[in-house]
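Trainee: Two chains, two separate frames, one set of hints: put the complex together.
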Amino acid sequence: MSILINGSTRLLVQGITGQEGLFHTHQMLNCGTNIVAGVTPGRGGEWVLDGKIPVFNSVRTGVDVTGANTSVIFVPARFAGDAILEAADAGIKLIVCITEGIPVNDMLTVKQVIRARDVCLIGPNSPGLITPGSAKVGIIPSSITQKGNIGVVSRSGTLTYEILYALKQAGIGTSTCVGIGGDPVIGTNFSEILSYFEGDSQTDVVVMIGEIGGREEEKAAAFISEHMTKPVIGFIAGQAAPTNKRMGHAGAIIEGGVGTAQAKTEALQKAGVQVALYPEQVPELIKKLFINDAALTN
Amino acid sequence: MRLHEYQSKDVFAQHQIPIPRGRLASTPEEAKLIAEELNGPVVLKAQVLVGGRGKAGGVRLVNTPKEAEEEASKILGNRIKDIPVRRLLIEEGVNIQQEIYLGMTIDREGGETVMIASAEGGVEIEEVARVSPEKIARVGINPLLGLRDFQIRNLAAEIEIPRALWRPFIAICHNLYASYQGLDSTLAEINPLVITTDNRIIALDGKIIIDDNALFRHPDLMDKRDTSAEIPEEIEARKFGLSYIKLDGNIGCLVNGAGLAMASMDIIKHKGGLPANFLDIGGGASAEKVAAALRIILSDLQVKTVLINIFGGITRCDEVAYGIKQTLEELKPEIPFVIRLVGTNDVKGRQILAEANLTTAESLQEAAEKAVNLVKEMA
Chain U
1 MSILINGSTR LLVQGITGQE GLFHTHQMLN CGTNIVAGVT PGRGGEWVLD
51 GKIPVFNSVR TGVDVTGANT SVIFVPARFA GDAILEAADA GIKLIVCITE
101 GIPVNDMLTV KQVIRARDVC LIGPNSPGLI TPGSAKVGII PSSITQKGNI
151 GVVSRSGTLT YEILYALKQA GIGTSTCVGI GGDPVIGTNF SEILSYFEGD
201 SQTDVVVMIG EIGGREEEKA AAFISEHMTK PVIGFIAGQA APTNKRMGHA
251 GAIIEGGVGT AQAKTEALQK AGVQVALYPE QVPELIKKLF INDAALTN
Chain B
1 MRLHEYQSKD VFAQHQIPIP RGRLASTPEE AKLIAEELNG PVVLKAQVLV
51 GGRGKAGGVR LVNTPKEAEE EASKILGNRI KDIPVRRLLI EEGVNIQQEI
101 YLGMTIDREG GETVMIASAE GGVEIEEVAR VSPEKIARVG INPLLGLRDF
151 QIRNLAAEIE IPRALWRPFI AICHNLYASY QGLDSTLAEI NPLVITTDNR
201 IIALDGKIII DDNALFRHPD LMDKRDTSAE IPEEIEARKF GLSYIKLDGN
251 IGCLVNGAGL AMASMDIIKH KGGLPANFLD IGGGASAEKV AAALRIILSD
301 LQVKTVLINI FGGITRCDEV AYGIKQTLEE LKPEIPFVIR LVGTNDVKGR
351 QILAEANLTT AESLQEAAEK AVNLVKEMA
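Just so you know, the sequences run in chain order U and B.
When we follow this note's numbering, the leftmost residue of the first sequence carries the number 1, and every step to the right adds one.
When we follow this note's numbering, the leftmost residue of the second sequence carries the number 1, and every step to the right adds one.
I should point out that these hints are in silico values taken from the structure, not numbers from a laboratory.
This one's a predicted model, so the numbers in the text were calculated from it and none came from an experiment.
Covered stretches of chain U (in silico footprint by chain B; criterion: 3 or more residues with CB under 8 Å from a CB of chain B, positions within the stretch not fixed):
#1 233-243
#2 267-281
Here are the computed lysine-lysine pairs in the DSSO-like style, where the Cα-Cα straight-line distance is at most 27 Å:
#3 B:Lys269 with B:Lys370
#4 B:Lys81 with B:Lys224
#5 B:Lys376 with B:Lys325
#6 B:Lys348 with B:Lys289
#7 B:Lys239 with U:Lys245
#8 B:Lys304 with B:Lys271
#9 U:Lys168 with B:Lys348
#10 U:Lys245 with B:Lys269
#11 B:Lys269 with U:Lys270
#12 B:Lys269 with U:Lys287
#13 B:Lys289 with B:Lys304
#14 B:Lys271 with U:Lys245
#15 B:Lys239 with B:Lys304
#16 U:Lys245 with B:Lys289
#17 B:Lys271 with U:Lys287
#18 U:Lys245 with B:Lys246
#19 U:Lys245 with B:Lys55
#20 B:Lys332 with B:Lys246
#21 B:Lys81 with U:Lys245
#22 B:Lys304 with B:Lys370
#23 B:Lys224 with B:Lys246
#24 U:Lys288 with B:Lys271
#25 B:Lys81 with B:Lys246
#26 B:Lys271 with B:Lys376
#27 U:Lys168 with B:Lys370
#28 B:Lys135 with U:Lys219
#29 U:Lys245 with B:Lys224
#30 B:Lys332 with B:Lys370
#31 B:Lys271 with U:Lys168
#32 U:Lys288 with B:Lys269
#33 B:Lys332 with B:Lys376
#34 B:Lys269 with U:Lys168
#35 U:Lys270 with B:Lys271
#36 B:Lys74 with B:Lys55
#37 U:Lys245 with B:Lys304
#38 U:Lys245 with B:Lys207
Glycine included, C-beta positions come from ideal geometry on N, C-alpha and C.
Pulled out of the complex, with its shape left as it was, chain B reads as follows (with noise of 0.2 Å):
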């Protein structure tokens, strides 16, 4: 789960995170009372939780109250990326010296969070390890120790921090490790850290990301989560703890298991089609989660056909024939169907599908070339 900037900041405030002073806007009046409270030049940033905001026109700068009003009144209501902006943040403009990097994240090769520091602040730093690894600066952290001042020490002199700024520096770094690990955060992220021309440190930008796993140790962020950049199709699968993302093809897939949903994707493009989304279904699926699926899988028009692999350990493949039948006759869909299951109960699982006319298959290259074979033959 992703925390919009404004919540960000929040959580680093509540640790002491040095932040612009500012607040949340929803209209344009709002908005002009902030910048007036603020008394200078303020920024407006939209809250939408998606990359490239500022380029696609999210974040303007002002001189004056009126000015905020005008340019509010421009953004609130717009869509950024396809995203409708529904909040501002209003914050105070700061006069910046320097834009350093500076996150934590988990480092899945070396099984450690890691702190990452650059002087390259300001842009992604992925596009900074990209072109100049060297200037990414970063230190592993034993969760048994925690993060260390001399650690931190290493980061600050390899990115040469102003030696006037280490105490404060060190502070923050020990605080946005706090509030990762309050958090259960698989990321935490100020981008940009500036050190204004009166040379002191703040949070300019903030970013968060919450293990979705651990969710159940934070009930209070559970409604917050912004779901207005995700697809609506996501979403619904969620609710039925299927797993769903779709692609740009026409051959829709529901299958069992994620590793194997991967490889009926693969399949069906080494057969000349495209698949229209990963979906896996889980261990022991019911009926009902079949039939939840496939609603899913069928709301996306450009599905031609939908090809079903079902391998069946903990699933039993009857119980799954008899949910495809059962919503079948329900939507009465005018695409066809591929059907492969094998495994637990699979003799009967065939027996159900076959008295129900549907195509069948014994293996899944079968299953594939037929579905490809199908979308072909409608070309």
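Just chain U, same shape as in the assembly (with noise of 0.2 Å):
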């Protein structure tokens, strides 16, 4: 088992044709996900890396034709909240948005009808979600995944990358990282993939990466006291950040007092959290984790 992706996924890719959404779906496709169509309007009846993947120009009509029941965007950012409600209103109910700079006022627009169409959507702003072994919908490096019992959840990219890495380093794999993405306003946030994670028999532990902005790694540790039976570990990153100022991410900022790494730290620890200090400070909880529990059970 795994959560949102495995063997059963049919993956569409909107904006299939442009650089980046080619190179990743090559990528993607090297993972063994089940890529089974690709949407770039104007280019419909085309067919993409050697003929392997037929591309339509709209999603209504690729999952009309193949059954498409995920989708994953790559489409550039005045565009993609567009290519979010396209892929809703086709019935797709698991869409992933790796777009980056979308205006935030489109995407409270976009929250309204997903929230009332059931939709699960994963970012924007994300590098996407893999099952080691079994799927890739995103751009996450496979090379620096193994399958394990390790759920991941983030709001970052290559910080994800690097825990992803410090874990593979230590012999520990993962059964599905999340990167739910690093703007002020997404689909999904911490607290409903911890709740998938805690529901998944081959999830054991969960590492939750968050940072400074916001309040949802607050949300995210009420919900562990309240709703999780398997250990947490944490880590956050802005810990050096001044306040005010945007650091990279749109939604990594301290405003009027809220959002500090401290707060954060301090609300997961409460809640039974391990936080860690630095990424290569991950692997070594877990492992600290399971010699415990080695200790209980003999």
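Mentor: Below you can see the structure in the form of structure tokens.
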């Protein structure tokens, strides 16, 4: 088992003929992802990657013809909000948006629609998801992952890679890794992903990688203390960040005293989460957990 | 992108929000002329994009055109919080009965736009929120429904706007929402919105922040960005698509990805050092981008060593290594570098660096320790 994506994922790629879209479609195929369709308006009827994947003019046609059930979006920011709505309108229930820089007011409208239609949107500004050994939707390099029992959820991109790599170096694998996105308004938050991991039989421990800005980590802490039975290891980036400065990600900013790394760390610790001080400490904390566990059962 | 008060008020006026009569002056003579036109006491307001302008002497009330000219000559060309004053907004004086706060912004937690009002206007809303949160009224706006009259009536009742003024207040709220929406803003604020002694409602100050990601819809605004309150290196970085923020430490940082850039700063701090900056070169960084980033970091004379941390996913480590090597050969900086490359083509990248005699590290921890020790050795 895993969460959100697995062997029965039938993926449609929006923006498949663009440079990024095509490159990552190839990478996703190499991971064994079942990619059934691509969409680029005006390019319907073509085939890409040596005739492996058909291109359609609209998501609706792509879904009708191929039965796609998941979509990944690589279209430029000014069109990406529309692309999410198009996928939702075509009945897709899991939409993963990689695009960075979507106007935040576009996302507020999108959010209303996906809520009403019961769609799971991951991102935007997300590296996507990977279930090692079975499927990848997005851009997380598969070479730094291996199959295992750790669920990973993160607001970041390369920081997630850093932690996946540290886990792999320590011989620890992941069930599924989900990047929820670094924007201030995103489709799916920490708590929802945590609840999926809680219910996933393959996941034994969850690693949650947060950063400064907003209150999602605090909300996740409340969720953990109320609903999680599985241990959670945390990391919060931005402990050395100044206030009122946007740290690269549109969502990473301490405003009006809200969103500090300290407040998030304290909230998580209060919920029983062990918080690592630096990325490479994450595997150390997980190993300790299992040693303690083994000691308890013996 | 933040608009000046005068620009924000132009937007308000276009949307039928009442503002005081007045114009912009860039010389004392103009200030005098405008004061004569307004024919009464006037307020001179420095147009600089910094907070606490009033306390820093950027707002003056004068009674005559001659005084307006004298005061204008004192403020123009001077600096407020280190920002040169180039323009003054000269406005008619207004007799204030009550100051209100009215603003809109994005509520991240709720994932919606909110309109916020408070009977405690004229002070920072964050301060009101901290000291007396019960004095703040707010309504959430569904983008598909827009702002509704009943929501505004609820705001008006909660902050006790006199019943006779509800009609103009409702109009102002709708018009503020239209201004906010029309410009793809993330903040539109009237603080204070005043009730005058003759019972009119007027926007006495204005602040609008536009979503940088939506500027493509407003090409006319692109050249209106005032960068005088920004740090030159941060402006330079933006030109190259880099995200750079100057800090107070002495260990320069060059990283790909915002989260990893923050984590790299954090670990420097844990190891007892101080980061000099945040710098994210973004995904798929080219040798050219790396060169621009290094130039910006090295222009900070406080920097004693530079830590480079690249996790190659889309970014190729050999290309980054090549960019580093080339730039260092060109700039010949006298400070040491610690470089860590992991991921796509990292072996090749490390080889290029080793040939150039550069210090490399295997892990982030090791890299941070080496950088911090280098600085300690220099002290």
